[in-house]
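Let the hints inform the model, and build the full structure from the sequences given.
Top to bottom, those sequences are chains B and C. In terms of my numbering, the first sequence opens at residue 4 and continues consecutively. In terms of my numbering, the second sequence opens at residue 4 and continues consecutively.
Rather than coming from a laboratory, the hints here were simulated on the basis of the structure. Everything numeric in this text was worked out from a predicted model, so none of it was measured. Hints are supplied without guarantee of correctness; some may be wrong.
These stretches of chain B come out as covered by chain C in the derived footprint (C-beta under 8 Å, 3 or more residues) [to be verified]: (1) 8-22; (2) 43-54; (3) 99-112; (4) 158-170; (5) 190-196.
Glycine included, C-beta positions come from ideal geometry on N, C-alpha and C.
There are 2 protein chains.
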Amino acid sequence: MNREELIAQIFEKKSFLCVGLDPDISKIPSFLLEFEDPVFEFNKRIIDATKEYCVAYKPNIAFYECLGPKGWISLKKTIDYIPKKMFLIADAKRGDIGNTSLKYAETFFKTYDFDAITVAPYMGEDSVSPFLTISKKWVIVLGLTSNSGSSSFQQLTLESGKKLFEDVLEKTATWGDHSNMMFVVGATNENQFSLIRKKIPKHFLLVPGVGAQEGDLHKVIQGGIIKDVGLLINSSRGIIYASNDKFFEERASEEAKKLKDQMSLYM
Amino acid sequence: MNREELIAQIFEKKSFLCVGLDPDISKIPSFLLEFEDPVFEFNKRIIDATKEYCVAYKPNIAFYECLGPKGWISLKKTIDYIPKKMFLIADAKRGDIGNTSLKYAETFFKTYDFDAITVAPYMGEDSVSPFLTISKKWVIVLGLTSNSGSSSFQQLTLESGKKLFEDVLEKTATWGDHSNMMFVVGATNENQFSLIRKKIPKHFLLVPGVGAQEGDLHKVIQGGIIKDVGLLINSSRGIIYASNDKFFEERASEEAKKLKDQMSLYM
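Laid out in structure tokens, this is it:
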């Protein structure tokens with residue numbers, strides 16, 4: 004999906020919500036365990052319950068990978084079930100030397116037809132650029148993450164006076180452009196969005212950390228929104244585990260609608 | 004496998020060679036494509052040809068993942084075929100927020116019975132520590148990698164005067180200890196090994212970049228070896244693609260023996 008198509012969908016739905024599909028077998032409603040593929044059954048119902056309110060889905064690959072080959076089959080069925088107009092993000096946080104990153108790009112952009120993949124920047128330019136070679140596909144580089152560990156390295160001050168994450172945003176942005184690159188900026192860093200917008204005024208930001216991680220949605224939007232919106236705000240656990248009983252679909256739907264309604268206020 | 008068992012095996016074999024299993028379907032001998040599982044057939048023959056000369060195998064997960072579910076089946080068969088005394092490394096470069104890293108740990112330490120996994124440090128302490136909770140299992144943190152992109156961020160100078168990779172080595176080392184943590188230091192940084200040894204005198208270093216990437220084996224050993232050896236030196240392409248004709252096993256065996264013989268000189 005290209006930038007224009009993504010933006011058009013956002014304005015049409017008045018939503019920039021991304022729903023994270025992190026199906027944990029120990030957390031999904033127990034009656035689903037009787038199905039042949041509980042992970043897919045869960046995802047299917049979550050998708051049906053939320054598709055009206057979101058523009059993107061983000062399967063977190065760890066939750067599929069840990070199930071062995073059958074997890075990848077559940078992932079493929081999930082991808083095939085998601086409506087074609089949705090922006091599809093592999094939350095995989097990959098990154099390796101060039102020939103290996105190229106294999107990861109092949110995995111997520113060809114073997115599985117994702118629009119985008121999250122990538123860790125530590126290994127530098129030749130670990131990120133192989134993901135940028137396929138048209139209409141996106142790299143989403145970790146900038147400033149939502150977890151407490153972001154203070155370990157991302158927030159270190161460099162000799163230049165900049166923080167490491169600022170250097171990551173600025174330097175990495177030159178390897179692609181705002182038509183094939185986004186950045187992860189966690190909602191828990193709500194006060195940094197204005198600063199970040201000065202450095203990367205046009206790039207989309209993928210924002211996790213609303214919901215279970217308690218980032219402030221309105222502060223994030225006020226600091227991060229641009230003319231083209233430029234935000235995809237993700238909620239995973241806050242939606243998909245809003246309840247784990249037979250009403251989980253209704254509860255997921257309500258939580259997604261609540262977030263969507265708050266987003267609509269800005270459009 | 005614990006540290007004592009690894010060291011004992013190294014001294015017994017007079018080798019600290021790790022063979023990288025990166026089976027690329029476009030590079031393996033074409034006659035193997037006629038088998039039902041060419042990837043496993045290739046790995047099996049490489050393992051038979053090299054097991055006398057190495058103490059560890061390192062499948063690079065990208066090369067399996069890109070084949071879809073059947074790639075993970077080939078990986079499992081490969082793991083099961085590798086002799087039990089070998090140290091088994093998942094070159095996966097994972098790392099995410101705590102609950103997700105825990106899933107990745109489950110994948111590689113339980114679903115697949117690896118001894119160790121490579122992890123990217125950018126997301127900080129709570130992204131690395133979930134991998135340290137399982138006894139006899141190891142985290143191998145990216146320190147200073149072998150690719151040109153290591154200059155993008157790893158070699159940046161911090162306000163403190165240290166390079167980022169030095170801070171990563173020092174800080175990360177405090178999250179575990181030398182019985183459950185190793186570091187990746189690329190052989191192409193051959194002049195940095197003495198400096199790195201001052202910072203982490205006891206940790207094992209996993210060293211890629213000998214062979215196809217042209218790091219200097221002897222300089223690496225001289226700068227990095229300690230009483231307990233403390234090195235696992237990896238070669239992937241230099242061994243497994245030494246030839247791609249019907250003599251590939253003999254050529255792989257020769258290349259592995261050549262490296263092992265050079266290592267033996269130091270023991």
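Checked hints:
1. 8-22: Since 0 is below three, the answer is violated.
2. 43-54: violated (count 0)
3. 99-112: As far as the segment 99-112 of chain B goes, the hint holds, because 9 residues have Cβ atoms under 8 Å from chain C.
4. 158-170: It holds: at least three residues are needed, and the segment 158-170 of chain B offers 7 whose Cβ sits within less than 8 Å of chain C.
5. 190-196: violated (count 0)
Against the hints set out earlier in the document, violations occur for numbers 1, 2 and 5.
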